[in-house]
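Undergrad: Here the protein sequences come in this chain order: A and B. For the first sequence, my numbering assigns the number 42 to the initial residue and increments by one for each residue that follows. For the second sequence, my numbering assigns the number 76 to the initial residue and increments by one for each residue that follows.
Careful: at least some of the hints might be erroneous.
Claimed, not checked - So these bits of chain A aren't anywhere near chain B, every CB distance computed over 12 Å:
| # | residue |
| --- | --- |
| 1 | G95 |
| 2 | N128 |
| 3 | T142 |
| 4 | N153 |
| 5 | F178 |
| 6 | R197 |
| 7 | A301 |
Said to hold, decoys possible - Cβ-to-Cβ under 8 Å is the rule here; a few derived chain A residues that face chain B:
| # | residue |
| --- | --- |
| 8 | G133 |
| 9 | S254 |
| 10 | T256 |
| 11 | I318 |
As the list claims (entries may be wrong) - Simulated coverage check for chain B against chain A, where a stretch passes if three residues somewhere in it have a Cβ under 8 Å from a Cβ of chain A:
| # | segment |
| --- | --- |
| 12 | 183-191 |
| 13 | 301-307 |
The set of hints was computed from the structure by calculation and includes no laboratory data. All values derive from a computational prediction rather than experimental measurement. All C-beta atoms, glycine included, are put in the ideal place defined by N, C-alpha and C.
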Amino acid sequence: MEYWITVLTFALIFASLSVSYNISVGYVGMLSIAHAAFFSVGAYTYGYLGTKLGGGEMFLPAVGLAILIALAISITIGAIITLLPENFVVMGTFALQVIFTTLLINTAGITNGVQGLAGIPAPIIGPYEFASRTQNFILTAGLALVSLLIAIAILRSNIGLRARAVREEPAAALSLGVPVRLIQVSFFAVGASLAAVAGCVYAGVIGFIDPSSFTIHTSVQLLAMVVIGGMGNPYGALAGGFVISVLPALLIEMNIGEGAAAALQQILFGAVMILVIMLRPSGMFPERKIASK
Amino acid sequence: MTHFLEILIQAFYTGAEWALIAVGFGFIARTTNIFHLALGALFSVGGYSVYLLSVRNGLPIPLGIVIGAVLAGLVGSIIDRFIYQPVTGLYGQRKVNHLAPFVTSLGILIVIQNVIQIWFGASPLYVQPPDLGVTQIGQSRVLTWNLLKAAMSLAACGLFAFWLSRTRTGASAVALGQNAEGASVVGVSEISVRFQIFFATGMLAGLGGSLAILSHPTLPGDGFPIVLYGALISLIMPKAGIMTWWIASVGAAFIYAQSIASIGGGWQDTILQSVLMGGIVVSRILIPWMQRRAKLRAAAATLAATSAAAKPAGS
Chain A
42 MEYWITVLTF ALIFASLSVS YNISVGYVGM LSIAHAAFFS VGAYTYGYLG TKLGGGEMFL
102 PAVGLAILIA LAISITIGAI ITLLPENFVV MGTFALQVIF TTLLINTAGI TNGVQGLAGI
162 PAPIIGPYEF ASRTQNFILT AGLALVSLLI AIAILRSNIG LRARAVREEP AAALSLGVPV
222 RLIQVSFFAV GASLAAVAGC VYAGVIGFID PSSFTIHTSV QLLAMVVIGG MGNPYGALAG
282 GFVISVLPAL LIEMNIGEGA AAALQQILFG AVMILVIMLR PSGMFPERKI ASK
Chain B
76 MTHFLEILIQ AFYTGAEWAL IAVGFGFIAR TTNIFHLALG ALFSVGGYSV YLLSVRNGLP
136 IPLGIVIGAV LAGLVGSIID RFIYQPVTGL YGQRKVNHLA PFVTSLGILI VIQNVIQIWF
196 GASPLYVQPP DLGVTQIGQS RVLTWNLLKA AMSLAACGLF AFWLSRTRTG ASAVALGQNA
256 EGASVVGVSE ISVRFQIFFA TGMLAGLGGS LAILSHPTLP GDGFPIVLYG ALISLIMPKA
316 GIMTWWIASV GAAFIYAQSI ASIGGGWQDT ILQSVLMGGI VVSRILIPWM QRRAKLRAAA
376 ATLAATSAAA KPAGS
């Protein structure tokens with residue numbers, strides 16, 4: 042039972058990440074492969090503050106600082122890459138992800154390099170300490186709920202409607218006075234900030250972080266979650282994230298060796314990504330069409 | 076001077092591997108608008124085929140290289156026919172989200188690399204190259220095999236460029252890249268042309284993988300970073316010629332080798348990616364902006380000259 046609570050806890054973290062990733066990829070069509078980089082910003086901010094400067098009380102200040110750092114990076118990078126043709130955005134963020142992973146490995150003074158940061162304290166929010174498995178589950182469920190509510194609120198707002206216009210017909214949207222670049226950069230930044238928050242929670246729950254958790258493979262896994270779940274639909278992204286995160290645990294339960302399980306899992310991700318794009322491009326839970334009035 | 080020469084020679088044979096991917100990626104992106112990341116998997120298909128045929132089954136290495144390249148080419152054509160074409164449609168008739176071909180390409184890369192990993196294991200594999208001795212260049216001693224490797228890469232890219240410039244397929248491929256619907260009107264068969272160009276670029280990637288596994292231990296996932304380098308190199312100059320991409324790959328490998336030599340291992344990826352991204356920003360943002368500005372200035376100057384010339388006539 043405890044094992045499955047842990048599995049579900051991490052599934053909820055990745056489901057929240059998938060929801061935040063969907064804000065830039067699904068809502069506004071800006072395919073970034075650097076989401077794991079923003080996830081690492083949050084994880085390392087709390088990891089550093091929690092281990093070096095204080096205990097679990099540093100959780101909320103770390104969340105605030107992580108959001109600020111993620112905003113600064115995403116707005117700077119977003120402002121540059123949105124000037125490039127749409128296909129080039131992917132390659133730009135690919136490069137950003139690789140650069141970030143190398144930075145995590147090489148700035149050992151802050152990140153402790155490949156050895157990672159150990160002994161990260163359990164988060165404390167006000168009078169509550171989230172130390173046990175059940176408490177961690179509650180914390181991550183709260184994170185998933187908040188991420189989902191923010192995503193739904195954005196989607197249903199006027200700016201969500203404009204974002205869809207930017208995704209579908211950027212030129213037409215621009216001709217109608219929609220600030221295309223501003224919307225693209227804003228959505229990229231909101232997604233990045235939510236990923237940073239998820240990173241703080243992840244570091245607090247797992248207690249140990251190293252660069253291997255934030256590589257390009259994590260970003261690709263997030264892409265698989267959103268594509269399979271349904272781009273543009275927050276519930277789809279949540280479901281995709283949840284299902285794909287639980288999958289490895291199921292493969293291990295089926296007594297498939299750990300190494301082979303990891304490779305099989307990747308094959309499954311890749312194959313399902315291809316099949317979904319070919320047969321059901323809108324994913325398991327397609328985005329709702331806007332009803333014309 | 077010796078140190079510089081050593082790094083240059085190293086860049087020459089490392090860049091030769093990258094160039095085989097960069098050329099294929101750049102050409103496919105130009106003609107079909109697909110970012111063919113699966114070339115990274117074809118790189119592994121070529122390399123591991125040489126291992127399978129030459130080490131496990133005792134075939135001569137040259138034959139292993141040829142079969143590996145042909146196999147990678149065939150896989151490339153199959154990927155296009157059965158995955159890309161249904162997703163993108165033909166003759167530019169089917170409008171698709173630009174993310175779709177990219178996601179499928181990434182999916183193919185992941186599937187093929189992991190199938191190879193399950194088949195051959197996750198440990199790096201190496202095939203001993205033929206012993207061709209050592210060549211003295213200035214004060215540097217280089218394995219002759221490495222020079223042969225660079226020459227093979229150069230020859231393969233040269234043949235590809237020759238094929239494109241001297242055959243009807245090459246002209247048709249360029250026409251498809253410029254105007255797919257127009258090309259279909261004048262009788263270009265997109266299916267046939269795409270089969271050939273995906274086969275040729277797959278062969279180049281497969282050859283790259285073969286040369287890599289004959290030079291250093293190779294992992295099934297090694298094609299991923301190389302296709303990323305190749306992509307960025309070709310996207311800096313998307314309209315450049317095949318041989319320009321080849322030289323740019325050697326240039327990128329030089330930056331990579333120089334970073335290791337001067338700063339130490341660990342930072343080379345960051346430095347190279349930053350330089351390549353900087354190159355893309357300059358070529359796709361800064362230069363077009365400067366060109367637009369120059370055009371506007373020229374137009375303003377013409378307008379001013381015209382109105383100045385018109386004034387005395389009117390007054």
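Undergrad: Output the numbers, in ascending order, of every earlier hint that fails for this structure.
TA: Hint check: 2, 3, 7, 9 and 10 fail, others pass.
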